[in-house]
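Chemist: Sequence:
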Amino acid sequence: MNNQYSDSSSSSLNRKCLWCSQTNIDRGKLINCGHIICNTCILNDKICHSTCPFCWYKHAEQFIRDNKICSVCCSAINSNDHPSLCPNHHNRCSQCFSQGCILCQFRKFNSANRNLLNDLSSKEQRTLYTCRTWVMKFEEIQKSKINNIAMIQSNEKPDVIELSESDFDPEQQSLIGVKPSKVKKPNNSKPEESGDCMICLEPLGSHYRKLHVCGHSFHKVCIDQWFQSNGIQSCPSCGYVYGISQGPQPPNGHMTTKHIPVRLPGFENERYENPGLPTIEITYSFQPGLQGPLNPSPGKPYSGTTRKAYLPNIKEGRDILDLLKKAFRDQHIFTIGRSTTTGQENVITWNDIHHKTSISGGPDRFGYPDPTYLNRVRQELADKGYK
1 MNNQYSDSSS
11 SSLNRKCLWC
21 SQTNIDRGKL
31 INCGHIICNT
41 CILNDKICHS
51 TCPFCWYKHA
61 EQFIRDNKIC
71 SVCCSAINSN
81 DHPSLCPNHH
91 NRCSQCFSQG
101 CILCQFRKFN
111 SANRNLLNDL
121 SSKEQRTLYT
131 CRTWVMKFEE
141 IQKSKINNIA
151 MIQSNEKPDV
161 IELSESDFDP
171 EQQSLIGVKP
181 SKVKKPNNSK
191 PEESGDCMIC
201 LEPLGSHYRK
211 LHVCGHSFHK
221 VCIDQWFQSN
231 GIQSCPSCGY
241 VYGISQGPQP
251 PNGHMTTKHI
261 PVRLPGFENE
271 RYENPGLPTI
281 EITYSFQPGL
291 QGPLNPSPGK
301 PYSGTTRKAY
311 LPNIKEGRDI
321 LDLLKKAFRD
331 QHIFTIGRST
341 TTGQENVITW
351 NDIHHKTSIS
361 GGPDRFGYPD
371 PTYLNRVRQE
381 LADKGYK
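Residue 331 in UniProt numbering sits at position 331 of the sequence shown; the count goes up by one each step and never skips.
Just so you know, these hints were derived from the structure itself, not from any lab.
Only a predicted model underlies this, so the values are computations on that prediction, with no experimental measurement involved.
Please note that a few of the clues may not be correct.
With a straight-line Cα cutoff of 20 Å, these simulated EDC-like cross-link-like pairs (lysine to aspartate or glutamate) come out [what the hints assert, rightly or not]: (1) K220 <-> E202; (2) K108 <-> E124; (3) K308 <-> E281; (4) K308 <-> E202; (5) K325 <-> D352; (6) K210 <-> D196.
Using the sequences plus the hints, can you model the full thing?
Modeler: What follows is the structure, given as structure tokens:
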């Protein structure tokens with residue numbers, strides 16, 4: 001049962017919402033947890049017991065800490081790894097960057113009431129569903145502990161299953177990791193053949209698709225759109241990775257590279273293997289064509305384009321170039337939509353993997369110097385499954 005909600009008394013009218021810090025009359029108190037949360041921040045969720053975003057944040061934080069899960073890529077942190085902390089002290093594995101911390105991204109949601117999934121970007125959807133999964137697992141563990149304590153106090157032997165490392169595929173980059181704490185769970189689970197679709201939160205009915213490995217079920221339309229929009233074909237419920245889907249980029253594009261004798265601002269003092277050619281110039285070119293089924297207006301024409309981008313010719317730059325080539329091959333670098341600069345519709349635009357299209361000018365002009373750019377673009381590639 002979800003947390004009960006009641007209007008705040010007049011004595012609490014001057015108190016701030018714990019989540020968004022806004023002070024207005026549209027606020028209330030979550031009875032079960034005692035946190036003051038405004039109406040717009042209360043989570044309308046049918047899956048988790050809690051509807052308080054602050055409780056979601058703290059419960060998810062405790063779950064990944066207890067189970068040694070990376071807050072960025074959601075995989076388990078190996079015992080021989082040397083984990084680091086993001087600015088808010090969430091664990092991350094050595095291969096990930098703190099800018100991608102899912103809990104930190106969730107904390108930035110000023111309005112956590114997310115009923116209209118169309119208003120969310122694919123990155124925001126992943127953040128929300130990942131936190132929800134962590135909260136679900138946390139609540140399952142807490143409920144199992146309470147049930148077992150009650151059984152022990154009544155001198156009954158609890159019917160339990162020991163969850164151990166062998167119950168999880170070590171190759172899965174699951175949202176719940178691969179090294180869960182050993183917990184006792186009642187052996188009364190049922191196959192997810194009915195109930196609600198975790199993506200849209202509506203009843204499954206008869207039009208659902210059951211994923212063949214993990215067994216979780218979703219509306220066919222919902223899971224197809226999820227796979228197409230996220231790059232990584234992962235189960236929204238448990239995070240099992242099925243592969244990388246084909247993206248919305250037009251298939252008639254070409255990607256070429258060459259080295260040029262210009263040093264990028266911020267990289268003037270690097271030791272280059274070839275000092276005469278210190279910069280990689282990437283050229284993307286597309287001919288005009290017709291939009292496909294993954295584009296907003298299938299069958300309608302789109303105009304061609306040529307784009308250039310630049311990377312430093314150092315190891316980090318070359319590694320990122322290799323990842324960009326893989327993403328281009330899978331059609332995830334570009335999409336078709338509305339240009340943010342010209343306002344024109346049905347044009348080829350970037351698809352959430354930012355490029356430096358100018359040599360100089362700094363971040364405001366999409367150029368260098370930009371000290372954190374290489375870390376950011378690597379994380380954007382990792383979010384789509386390229387590491």
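Chemist: So, for every hint listed, does it hold in this structure?
Modeler: Structure-based check of all given hints:
For the hint linking K220 to E202, the alpha-carbon distance of about 12 Å falls within 20 Å, and the restraint holds. The straight-line distance between the Cα atoms of K108 and E124 is roughly 10 Å, inside the 20 Å bound, and the hint therefore holds. Our distance criterion of 20 Å between C-alpha atoms is met by K308 and E281, whose separation comes to about 7 Å. Restraint check for K308 and E202: not satisfied, since their Cα atoms lie roughly 44 Å apart, outside the 20 Å limit.
Among the hinted pairs, K325 with D352 is consistent with the structure: their alpha-carbon atoms are about 15 Å apart, no more than 20 Å. For the hint pairing K210 with D196, the CA-to-CA distance comes to about 13 Å; that is within 20 Å, so the pair holds.
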